[in-house]
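Below, each chain spelled out in residue letters.
Number of protein chains: 2
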Amino acid sequence: MSLTFFTPGPAQLYPTFEQHLQSFVSGQLGSISHRSQQYRDLHKFTVDQLRILLNVPDTHAIMFLGSASEAWERILFSCVELESFHLVNGSFSKKFCEYSTALNKYAHKFEKPMGEGFTADEIEVPEYAELICVTHNETSSGVQMPVSEIHKLKQKNPDKLIAVDMVSSAPYPDLDYNLIDTAFFSVQKAFGLPAGLGVWIVSEKCLEKARQIKNQYSIGAHNDLPTLWKNALNNETPATPNVMGIYLLGKIAEDFNKIGVGEIRKATEQKAALIYDFVEKTSGFSSFVKEVQNRSQTVVVANVEASSADIIKKIKEKGMVIGSGYGEFKGSQLRIANFPATSYDAVEELVQELGNI
Amino acid sequence: MSLTFFTPGPAQLYPTFEQHLQSFVSGQLGSISHRSQQYRDLHKFTVDQLRILLNVPDTHAIMFLGSASEAWERILFSCVELESFHLVNGSFSKKFCEYSTALNKYAHKFEKPMGEGFTADEIEVPEYAELICVTHNETSSGVQMPVSEIHKLKQKNPDKLIAVDMVSSAPYPDLDYNLIDTAFFSVQKAFGLPAGLGVWIVSEKCLEKARQIKNQYSIGAHNDLPTLWKNALNNETPATPNVMGIYLLGKIAEDFNKIGVGEIRKATEQKAALIYDFVEKTSGFSSFVKEVQNRSQTVVVANVEASSADIIKKIKEKGMVIGSGYGEFKGSQLRIANFPATSYDAVEELVQELGNI
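First to last, the protein sequences are chains A and B. The letter at position 107 of the first sequence is residue 107 when you use UniProt numbering, and the numbering goes up by one with no holes. The letter at position 33 of the second sequence is residue 33 when you use UniProt numbering, and the numbering goes up by one with no holes.
Do not take every clue at face value.
Since copy identity is lost for identical chains, a pair holds within one copy or between any two.
[Claimed, not checked] Cross-link-like lysine-lysine pairs, in silico, DSBU-like; alpha carbons within 30 Å at most: (1) Lys94 <-> Lys214; (2) Lys230 <-> Lys330; (3) Lys214 <-> Lys109; (4) Lys266 <-> Lys316; (5) Lys281 <-> Lys316; (6) Lys313 <-> Lys44; (7) Lys314 <-> Lys44.
Simulated from the structure, these hints should not be mistaken for laboratory data.
Could you put together the complete structure from these sequences and hints?
Shown next, in the form of structure tokens:
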């Protein structure tokens, strides 16, 4: 039986995935040299499609890493000489913060319990922090920070760099890259691809900062920003990249562009409304995130009175896979991904079956 | 027209690749959680098959990274507090050395011109070097260091750690992991898979060293050895891994094991003999590497009197792709990969067509 995955990543593969994979195989693209014009054209196609999709200006490069977690490290190496500042409200924002400590930086943090969000007004960025690290969508708790609050935070702190983790939400957040210095995501979430590729969007300002830090400290050796940037100018990467992942990502981004990112965002909100409406109105279910503006549009987290394992098992019998809560909430919550790969009809079917349990 | 790739990576895909890819897709493995038992079983299968293939004892973990270049960085972070030592005789051994400098370590080196190799007897390891970095197969020049010389080098220096880059030769070198502390490779060479995955074999001794270094220095944040190791014990990875690459690698390793690694090594030598024989006996061609024991069995580099670009073009018209020389040798050399994906018959056809030019 073919299953439909509503898991927050790896997730349901995008419907056109198999067709693009077939083109990759029949074109023998797994064997082409990563120093050939054929590769550079493929690379440029993906960058161009992402630039259109996410409205990324030429001041920012779009680069490829092994994962979004690698982006955490490369951003901290490149943008922080001594001190970073982190908004922490879940497992992934916490890991970003811990990476800073592991690189021997001083990591300031403003921490809230899981399920709670942040507004720009309440955030005081420490004087010597060089970088503000924000998680647009906390995959562990289903909390999002509204894009308007992220923009406001940068406007309040124009002299700091700001990094946005949009791992499990891109291309949903409409970030203004005149304000955002760097952002990143991975492909196994809303892009509906197998895991193994991270995308790093990064500005000239970050590059300058990396060059300046390098005079005194290590900024890493593998995929260090100046080397990545130099290669990106030539549509290449320093090491042999995940050519298959880059190709497939370009094709999916092209599919998204044909639909239009506005349509994709609207559809995301419509499907999210369907899930939240169900969760709010159905006995035995409630939304973990109380503040409406902090509710993620791409990963819905619901408290459940019954055992989450039982619900997951019963729903799987209907051909659908949903995620458990994260960490301590494993048994008492469900996480339901709402990515472009799952249609409105599929979400309708899911909430109907959840209601039948 | 379908092409046969004799390029040194990305290379010809292994004949069973498409069939395994189809199983991956039909099993919906691109959507499974990397924290599920299904993933842990898949992960363990690949590790077990590699352990059999490469004869890796339980003192060593087998772990997955984004690329072999990432392994350079992780090894230097984990095994070098202050000083490393590098045998440099080409572009890739040089990059390994430069990574050490970029991490603010002191990188000693013993350097020879491209095309020349090393013997254990001539190598004096500096007193304070903690790690000896050896490239078994220098992809840029086609020089290999005999495994017996690598083993001898460690026996001469039992108190130093030794790292072996076998990116473009594994599973050919029969390393003795009672002597070798760490080794690594990537999958787009002799394993005939698309790029995007590095494999890192690493001993408990390296783990101890990493823990000791961590008391005083950063050992990196992303995929740091203690965290990788802890996850590997549970057949998991710290971040979402390249599940597709790990699955395919396990299947190809299983295919290799069915043939037997001894057979694969013998076939590699037979095919290499065919190419070297042609290169030595044909006017207009000569082997770049003069010392027979230093001639790579997996990447043959030939000097050519005609323009390499012309030869490459003419051979492509016959449905075969060969590589140009590396860097300054681009125009005057050919690089011909000899990996398991290309059969004896295919190599025979290649040398025949090269002879017809």
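Here's how the hints hold up against the structure:
Taking identical chains as interchangeable, the C-alpha atoms of Lys94 and Lys214 lie at most 30 Å apart whether they share a chain (26 Å) or sit on different chains (20 Å). For the homomeric pair Lys230 and Lys330, the shortest alpha-carbon distance between copies (21 Å) is at most 30 Å, but the shortest distance inside one copy (44 Å) is not. Within a single copy, Lys214 and Lys109 get their C-alpha atoms as close as 25 Å, and across copies as close as 23 Å, so both meet the 30 Å cut-off. With identical chains, the CA atoms of Lys266 and Lys316 are at most 30 Å apart within one copy only, with a shortest distance of 28 Å there and 49 Å across copies.
Within a single copy, Lys281 and Lys316 get their C-alpha atoms as close as 23 Å, which meets the 30 Å cut-off; across copies the closest is 65 Å, which misses it. In this assembly of identical chains, the alpha carbons of Lys313 and Lys44 lie at most 30 Å apart only when taken from different copies (25 Å versus 43 Å within one copy). Taking the closest pair of Cα atoms, Lys314 and Lys44 come within 30 Å of each other only across two copies (28 Å); inside a single copy the shortest separation is 45 Å, beyond that limit.
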